[in-house]
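Number of protein chains: 2
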Amino acid sequence: MKEKETTLKVIAEKLNISITTVSKALKNYSDVSPTTREKVLELARELHYTPNSFAVNLRTKESKTIGLIIPEVVHHFFSSVINGIIAEAEKNEYLVIILQSNESLELEKKQVQLLINKRVDGIIMSLSNESNDDDHIREIIHRNIPFVMFDKISKMIPCSKVIIDDQKAASAAVEHLITVGCKKIAHIRGPVNPQNAIDRFLGYKKALEKNNISFDKNLVFTCVRVSFEEGYEFAKQICKNHPDVDGIFVITDLVAVGVLAYLNENNIKVPEQIAVIGFSNWFMSQVIKPKLSTVDQPSYEMGVSAFNLLLKEIRAVKEDKPKVIENLILDTQLIIRESSKK
Amino acid sequence: MKEKETTLKVIAEKLNISITTVSKALKNYSDVSPTTREKVLELARELHYTPNSFAVNLRTKESKTIGLIIPEVVHHFFSSVINGIIAEAEKNEYLVIILQSNESLELEKKQVQLLINKRVDGIIMSLSNESNDDDHIREIIHRNIPFVMFDKISKMIPCSKVIIDDQKAASAAVEHLITVGCKKIAHIRGPVNPQNAIDRFLGYKKALEKNNISFDKNLVFTCVRVSFEEGYEFAKQICKNHPDVDGIFVITDLVAVGVLAYLNENNIKVPEQIAVIGFSNWFMSQVIKPKLSTVDQPSYEMGVSAFNLLLKEIRAVKEDKPKVIENLILDTQLIIRESSKK
Numbered sequence: 001m002k003e004k005e006t007t008l009k010v011i012a013e014k015l016n017i018s019i020t021t022v023s024k025a026l027k028n029y030s031d032v033s034p035t036t037r038e039k040v041l042e043l044a045r046e047l048h049y050t051p052n053s054f055a056v057n058l059r060t061k062e063s064k065t066i067g068l069i070i071p072e073v074v075h076h077f078f079s080s081v082i083n084g085i086i087a088e089a090e091k092n093e094y095l096v097i098i099l100q101s102n103e104s105l106e107l108e109k110k111q112v113q114l115l116i117n118k119r120v121d122g123i124i125m126s127l128s129n130e131s132n133d134d135d136h137i138r139e140i141i142h143r144n145i146p147f148v149m150f151d152k153i154s155k156m157i158p159c160s161k162v163i164i165d166d167q168k169a170a171s172a173a174v175e176h177l178i179t180v181g182c183k184k185i186a187h188i189r190g191p192v193n194p195q196n197a198i199d200r201f202l203g204y205k206k207a208l209e210k211n212n213i214s215f216d217k218n219l220v221f222t223c224v225r226v227s228f229e230e231g232y233e234f235a236k237q238i239c240k241n242h243p244d245v246d247g248i249f250v251i252t253d254l255v256a257v258g259v260l261a262y263l264n265e266n267n268i269k270v271p272e273q274i275a276v277i278g279f280s281n282w283f284m285s286q287v288i289k290p291k292l293s294t295v296d297q298p299s300y301e302m303g304v305s306a307f308n309l310l311l312k313e314i315r316a317v318k319e320d321k322p323k324v325i326e327n328l329i330l331d332t333q334l335i336i337r338e339s340s341k342k
Numbered sequence: 001m002k003e004k005e006t007t008l009k010v011i012a013e014k015l016n017i018s019i020t021t022v023s024k025a026l027k028n029y030s031d032v033s034p035t036t037r038e039k040v041l042e043l044a045r046e047l048h049y050t051p052n053s054f055a056v057n058l059r060t061k062e063s064k065t066i067g068l069i070i071p072e073v074v075h076h077f078f079s080s081v082i083n084g085i086i087a088e089a090e091k092n093e094y095l096v097i098i099l100q101s102n103e104s105l106e107l108e109k110k111q112v113q114l115l116i117n118k119r120v121d122g123i124i125m126s127l128s129n130e131s132n133d134d135d136h137i138r139e140i141i142h143r144n145i146p147f148v149m150f151d152k153i154s155k156m157i158p159c160s161k162v163i164i165d166d167q168k169a170a171s172a173a174v175e176h177l178i179t180v181g182c183k184k185i186a187h188i189r190g191p192v193n194p195q196n197a198i199d200r201f202l203g204y205k206k207a208l209e210k211n212n213i214s215f216d217k218n219l220v221f222t223c224v225r226v227s228f229e230e231g232y233e234f235a236k237q238i239c240k241n242h243p244d245v246d247g248i249f250v251i252t253d254l255v256a257v258g259v260l261a262y263l264n265e266n267n268i269k270v271p272e273q274i275a276v277i278g279f280s281n282w283f284m285s286q287v288i289k290p291k292l293s294t295v296d297q298p299s300y301e302m303g304v305s306a307f308n309l310l311l312k313e314i315r316a317v318k319e320d321k322p323k324v325i326e327n328l329i330l331d332t333q334l335i336i337r338e339s340s341k342k
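As you go down the protein sequences, you meet chains A and B in turn.
Each step along the first sequence adds one to the number in the UniProt record's numbering, with nothing skipped, and position 59 is 59.
Each step along the second sequence adds one to the number in the UniProt record's numbering, with nothing skipped, and position 56 is 56.
In case anyone wonders, no lab produced these hints; they're calculated from the structure.
Don't take each hint at face value.
The list treats identical chains as one, so a pair stands whether inside a single copy or across any two.
To be verified - Each computed DMTMM-like pair below joins lysine to aspartate or glutamate, with the alpha-carbon atoms no more than 25 Å apart:
hint: 1; residue 1: Lys184; residue 2: Glu13
hint: 2; residue 1: Lys342; residue 2: Glu265
hint: 3; residue 1: Lys217; residue 2: Glu72
hint: 4; residue 1: Lys240; residue 2: Glu301
hint: 5; residue 1: Lys291; residue 2: Glu265
hint: 6; residue 1: Lys291; residue 2: Glu338
hint: 7; residue 1: Lys168; residue 2: Glu319
hint: 8; residue 1: Lys323; residue 2: Glu338
Model, not experiment: these values are computed from the prediction.
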C-alpha cells in the first residue's frame, strides 16, 4: 500500500504549529526558537521527511537535471564520454537523463521534445548519423535552453561545441602511413552525414594531395553501421579488388579491429603487406595482435568539458545574462603501434 | 536573455478567455467550442507552448522518470544492460536518470538519497563492490518505492531481482574444463563482497568436489578492480608459482583477455598447455586470438526484464495495490571456443 507522504503540513499538524514555522525551522532560520527547531527536526527525521523536488522545482525553476542524447550507449567512445559527463555532473550536484537515439533522426526529435517538456536545465547532444535536418535543434536554441554539442555536431547551429580537429588528426594519421612507405592508401570512412566522418575523409584527401598521391574514389569505402563486420567485409573487398593497396586508414578502432581480423585470418602480414591505422584509441587497440596504431581522442575529457560549458550557460541563463557561445577544440595524439611500424 | 515562458495564463490573457478554457481546449474537452479550441491550439503552437512537467508532476504525483544506479558505465556488461533498460523505458515513455557509483558505497548512498528526493517513480540498481551495508536500500523499501535489483544484488533485501544462476553457470564452465582434461584448475575470482563473485567461486568449488579434485586455496586469486591488468598479473603469478596449472576459470571476459595477453606474450599455448574460460560473452571474446570460451550472460534482456518488473511495481503502487516481489533467473549458455578446445 502507498504510504502517506510526510509533508510540511503533516509535521505542522502533528506539532500544532504553522507550515511556515516548520519550513523556517528546516531551513535553520533564526526567528524560530531552538526548542521548536529541535522538535521539527526530530519529527522530520522520524517520519523520513524529504523535500519534494517537484515543489522545489516550481519555485526555483531549476530541475538540477540535464539531458544527454547520444547515438548509442554500447560504444567505447560514448560510454567514456558519458562517464566524464556524469562524473562532472555529480561534482556539481546535477543529475543526468540519458537518451539513446539509436542513430535515428525520428527518435532524436522525439527525445529533444521530451527533454524540453521535462524542463531540464540544459541539453548535451551528439547527433545521430541520420541527422541532416536541424529544426528540432533550432527549437532548443529558440527557447534559449543551455545547449552543448559534442563529437557529431552540426556546423550550422550557433551553440557551444566540444570537438576535436578531425581533419587535422586524420591528415596526421594518413601522413604517418605515407612516412612509413605506403604508396596506395585506402580509406574506410564513416556514414555520409556526420560532420566528423566528412572531416576525417577530407583530412585523408588533403594528406594524399600534399604528398602528390592521386586520390582514387574507388579506394574509399563507406560504413553504414560503423561495425566490426563492415571492417572485415571491406578488408576482404580491398584485398580482392585492389591487391596493391599497402595502407588503410579506418574511421574508428572498432572497424579497424574488423580489418585486422580479416587480414590475420588470411595471413596477410600487418604492417609488412598492409599497414593499418584506426581512430579513437579504444582500450582494446593495445590488446589485439598486432597492436593497433590509432589517434587518441580524449573522450572522458570531452564529457567533462561539455558539462562545464553547459554549466556556464545554465548560470548565465539563471542570471538573465546572454549565453557565451564557446567552441572548444581538444587535442588529439597520434599513437604508433605495431600495425603501422614498417 | 531568458525568454518569458508561455504558460496557460499567457495564452488565456492573449485570447481574453479563462485559464480553465485554455486547459480544456488543449486537452480536447468537448465543452469548448471548435472555434475557441482552434484559436488556442494555434496560439499555443505559435508561442511554442509545452506543458510544464513540474506542474504536471505535482498533480499526478508521477515523474515518468526512473533512476538507475550502476557501478560503472564503461563496461561492456553494464552498458548493454543500460541499453536494454532505456530501450524498454522509451517504449513506455519513461526517462532514465543514470548514476554511476564508481564501486563506492559512500557515493551509492548519496545517489539513493538524491533519487528519493527527486521523486523518481522507481529505482533499478546493481550494487557497488564495496556494498556490505544495506541501510540505504532498506530506506527505499521502507518508502515503498518500486525497486528492482539486478546482477550484483543483496540476498538480504526483500525486493524484485533479475539475476542469473551464477553458481550453476560457474560450475558448468569448470566442469567443461574438467571434461577437456584439465586436472589442476585455478580460479581468478571477483572481489569479496558481491554476491555474484561469491556464487561463481562456490560454483567453481562445487565442480571440483563433484569430480574429486581437491580444492587448493592457493589457486584462487582475488581481483580488486576486475581489470585487464589484474588478469595479466595473475596469469604471470600462476605460471611462475604453479607451473602444473592446466586450466583457468576467470570471473569475467575482460580479465580473461588479460590472462590470454600474458600467455600469448610468453608463448604458452592455449588451450594445449593451459585452457582458459571467461564469463559474460563480451563481443571482443570472439575477436581475440585464441577466441575465448565463455558463459553467455543475457545483459540486454536483463535490462529489459528489470525495467518491466519495475513497471509492474510502479503500476501496483499507483493503484494502491501491494507490490508483488518477483525473482527472475535468466538462462545462461556455455560457449565453447578455441581457448578451451583440447
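Going through the hints against the structure:
1. Taking the shortest Cα distances, Lys184 and Glu13 never come within 25 Å of each other, neither inside one copy (82 Å) nor across copies (70 Å).
2. Proximity of Lys342 to Glu265 under the C-alpha cut-off of 25 Å is found in both arrangements, the shortest distances being 20 Å within a copy and 21 Å between copies.
3. Neither within a single protomer nor between protomers do Lys217 and Glu72 lie at most 25 Å apart by alpha-carbon distance, with minima of 30 Å and 42 Å respectively.
4. Proximity of Lys240 and Glu301 under a CA criterion of 25 Å is satisfied in neither setting, with 41 Å inside one chain copy and 39 Å between copies.
5. Both within a single protomer and between protomers do Lys291 and Glu265 lie at most 25 Å apart by alpha-carbon distance, with minima of 16 Å and 12 Å respectively.
6. Taking identical chains as interchangeable, the C-alpha atoms of Lys291 and Glu338 lie at most 25 Å apart whether they share a chain (5 Å) or sit on different chains (21 Å).
7. With identical chains, the CA atoms of Lys168 and Glu319 are never at most 25 Å apart, being 38 Å at best within one copy and 59 Å at best between copies.
8. In this assembly of identical chains, the alpha carbons of Lys323 and Glu338 never lie at most 25 Å apart, being 46 Å within a copy and 57 Å across copies at closest.
When the structure is compared with the earlier hints, violations turn up for hints 1, 3, 4, 7 and 8 and for no others.
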